[in-house]
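> Position chain A relative to chain H; hints supplied.
Chains as they are written, first to last, in full-length UniProt numbering: chain H, 1 to 355; chain A, 1 to 490.
Bear in mind the hints are in silico, worked out from the structure with no lab data behind them.
Note that the structure is a prediction, hence the values are computed from the model and not measured.
Check each hint, because a few of them may be wrong.
[Said to hold, decoys possible] Here are the computed distance ranges between Cβ atoms for each label pair:
#, chain 1, residue 1, chain 2, residue 2, range
1, H, 255, A, 143, 50 to 60 Å
2, A, 22, H, 328, 26 to 36 Å
3, H, 54, A, 336, 38 to 48 Å
A virtual CB, placed ideally from N, CA and C, is assigned to each residue, including glycine.
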Amino acid sequence: MADNTQQIQEQVLQARDSGHKLNIVGGGTKSFMGRTADETADTLNLADHSGIVEYHPVELVMTVRAGTPLTEIEAALAEHDQCLHFEPPRFGDAATIGGTLACNLSGPARPWSGSVRDQVLGVRLINGKGEHLRFGGQVMKNVAGYDVSRLQAGALGTLGVMTEISLKVMPRPASSLTLVQAMSPDEVIDYMNRRAAEPKPITGACWVDGKVYLRLSGARSAVEATADKWSGEVMEGGETFWQQVRDLQHSFFADDDQPLWRFSVGSTAAIDAGRGDWFIDWAGSQRWLKGEGDLAEMEALATAAGGQVSLFRGGDRHGEVMHSQPQALKTIQRRVKQSFDPDGLFNPGRLYSWL
Amino acid sequence: MTTESIPSKHRLADEFRSFIDPEFVITDDETLKPYECDGLAMYREMPMLVVLPETVDQVQRVMRICHEQGVPVVARGAGTGLCAGAMPHREGVVLSLAKFNRILDIDPVARTARLQPGVRNLAISEEAAAHGLYYGPDPSSQIACTIGGNVAENSGGVHCLKYGLTVHNILSVEMVTAEGDRVTVGSDGLDSCGMDLLALMTGSEGLLGVVTEVKVKLLPTPEVAQVIMAGFDSVEKAGDAVGGVISHGIIPGGLEMMDGHAIIAADDFCGAGYPRDAKALLLCEVDGTREEVDEHIAEAEALFRKLGATSIRTSGSDEERALLWKGRKSAFPAVGRISPDYYCMDGTIPRRYLAHVLLEMEKMTEEFGLRVANVFHAGDGNLHPLILFDANVPGEFERTEAFGSRILELCVEVGGCITGEHGVGVEKIRQMAVQFSDDELQQFHDVKAAFDPTGILNPGKGVPTLRFCQEYRSIEHKQHKHEQTDAAHG
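Isolated chain A (complex conformation):
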């Protein structure tokens, strides 16, 4: 697309203003500024303009106009994403769904909620609580992030191992296609005829359609939940304990692990009473009926002891449970206190490689001269290494990015993947070439074209062009060779 073919910003804005409240068609730099990035603020781009439609009909008209004129469209929820998936396109429109913030219906008998895409994740559970129900996926950003964004990223959280990801907890999505059609994929039934386009939409990062309504399943709130905190003197032992609990037949509601750096940072931050001398800490939450929780807590405690836990504490009240979780939940800001900046990674690995990957990462800290703290969803092997750096030191962010790249490649090497729940966006687009072959990437491009023939939805995100991949792979290859040569000479 050449610059000449882009219709002028003001002509497009005027067109939108003919059917959208002019106040919500934003063209001035000052008001556009907050839209320049999402939760990953290192990546920024000013959009051409921002629209905030209020009806699905308006969304359809925006899409039709952009489709006809070849204008890129980036849909946006709360902008809490962590992969620059909602970073604007310089020559495109940001389509904010912020005005679609109503819970349309909660059906306590069918256990479903019908939501506009801008409804906040936590608001669903808050509203459903009166009926003894809640919404399963609980990403850390749940206070702010929206259900539309959750669908785009297939968001998880700490309860995925037992309760699944977004894809397991939604029934249907109403969306507007790139061509401006309004369609529903899925139904009130648990499955639908034909291809499972709902699965394809979930986690598609705004590349396939604009979500305008979501119907989610609600779950009965467990009668009881209790958490065991277990300290270990090595990550290997903690890793084995994770496998031990699961192969014993207990599926914890949440199973989280923190390494020594994260334990101390979190304990300093909120005084959770974590064992500060431990090299690894597990938080294992068991939920269900009173009887089931009693049975499983006793079994899990015994297992942790047998597998070498150096300290064990089990919550005796909801207050104590909240305190034990507080350290984990505030681990990111806690780490933020011990370093000017941090960069959160999101690789997933088969759990049996946990100790190996942590050890390799520790070695890399020396190589890159940067510290790393680990907080992660141990139950499902989803790592969140936090690389600590100072953006004000020239070159340090670049080193951080290189470090992050190596971590993701390591995840792929052991059979894992480059992103468990944060998405690819702009951030991990280079590593897509490590995880996928050209044929696979081309298949992704072809799927995208089936939904969006002219490629106006979130262009440049999610799937890299093949030319870009070849260049990236050859640079990487050269670098690795270079390192090997260095090592040989060293």
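Next comes chain H alone, as it looks inside the complex:
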């Protein structure tokens, strides 16, 4: 619980002067993501730069230091019956909000409640020149200047050191239940999409091991009335199930020796059942595949499904792990990187080898 902005700024300036690179580390729970960190780089530790700076439940806004653990944020919100609507995954209790935003990680409610990127209202960040900058703010609507706050989502810390993040928070749903039923891969994509197209309080839709799980959340009367209309058995322990899905603790993910691929694709794309074992989440938009394979082959699959793929965990992390970029976008992203971090200090090569 301290404001370490000044020390962080000094470390950035020192690194710049001495020509050292910096690996930005929060709770260290997502070190398996992205490409392998540069071994010659120094560690810039953000875990101690933590604490809730401002929280006004009536405003639905919370401002926190980037190193604040998700557990602390969620506990403070729960006191006021509020929550982070994007259900941030936790790959360990030390997981921080800064890392969550840098990796753009969101849980099962994402298609309905938005992502961490969607809920970000503002950030403060230290760029590669050591300047402490403020973008966005603490209000729901803000179109002054470019949306540098949301640009941080998924950039894996390559643009600067986030020091403070303001987020939109939401009321916790009053009630929730899960419906489960057996379904074949041929039917399930259409089924999930059609359910999602109904004006009902759906907040989760996934498929694994031949069963489809739908979650309903909101006003109790609405949740119960919808459950009566829709097919499927009410599941015992639904909450635990979704938490396991969120944190990749479901048995599907247990075998962590195998490479794990994440597909972010069009929700209606057919499942290529012959390719291997799939876990379908986000009503079809997020799909996990276990097994060896090369990135180019996976990219072809993802592109055919209207989306992209990344090697989320395991496999060769010295090579590229993210869907390749067309030349024009590569050029723009290189220049954007250069504009924030002219000396290439932050998380070199973590996102792409060329960044």
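Same frame as chain H, now just chain A:
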């Protein structure tokens, strides 16, 4: 850029005419005239010429030529913007996307629509309605404004608190870069690898690229929507009621507030049956399933009563709901009837400062000798003060602008921002120096250069030059000091 280096208008027009229907390369003053401004007509400039390409290939060729020759390009949709973001450049080309007006595809199962940038916002929902779907963001100009312009401004509307802004409702954008490359940012997936250039593009006011196609998400049309109209005898109480509903756990589909001036103007205009003696009026719309709406309407009514509402009326039919909204939706023209001109501001503030800001604004009306009516998106703290003035009275517009400036500065002082949804454009470029430091503004310039190295896209808009800011800040500083001295002597 010097005047000598600008290639002659006619040489450029001839070049465009070699691949664009000559009729759609406009060079004569009479036909150029309608392009001189957008929805903020106080700011005008005649363009050098206007082109209306019909294919993306033509857009690419226009961009390549302008990039090579250093000619400014201002992209334009329906021209309904309210910040002079589409005001032409005197030595530049207006690139109208008006011919790109087709809905390319609606996929009712995936709940998406693929659109050309010139498709009108409302047309999307009209087309999707057959499938029980609609497009979320609904700016007041939705009859006319286009999806390309919505992306450029990150448009909102009355439903943002629950359903988000443009940035939350689009999947991908195909664009032509300043250098003439055709690229897609985003995908059919909900997120993409690499930097989130889609977020950067949204709200970038035509400074980073020219949008040539947009894929949006569609939402299921709620089963039911009902609106509660609640009158209050003070803005403080109405402000508290807004917070009360939200912290109770209800996120209304729309939550709008009007002050006493706006209530009377709107009621006179369309006979909505508003409580004319109220000092503030809330319109709180709850949507969802039948059961959910019943539950939340009952809770919200009870809350408003407890928090001191002097009158409450809940719509019992869709007709009654439409009537209650009619006053709010026609508030701008209604105010237009009680004043020769009005100037609409767009600051956003943390909601807890609502009463404070309204009170300060009331004080300023005396200082500037101008009336102000307030209509705003209370749920997300987005104010739309309407300053009433008469453009025919010499000096009155200048006073209006000064008043507007002070309002925006007040928004920044309480932790808000100078524009919630209308954009910076030319209009608010001075106030950027109040909201941002030089380092921050320089970072914006550097981001712009990453997309547009030679600075041909909408130059002079959105982000002020640092020299301009220093001058503005020092003038402001002097003025404030002057006022303080006056006050001390008064």
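> Which of the numbered hints are not met once you compare them with the structure shown?
Hints that this structure does not satisfy do not exist here, as all of them hold.
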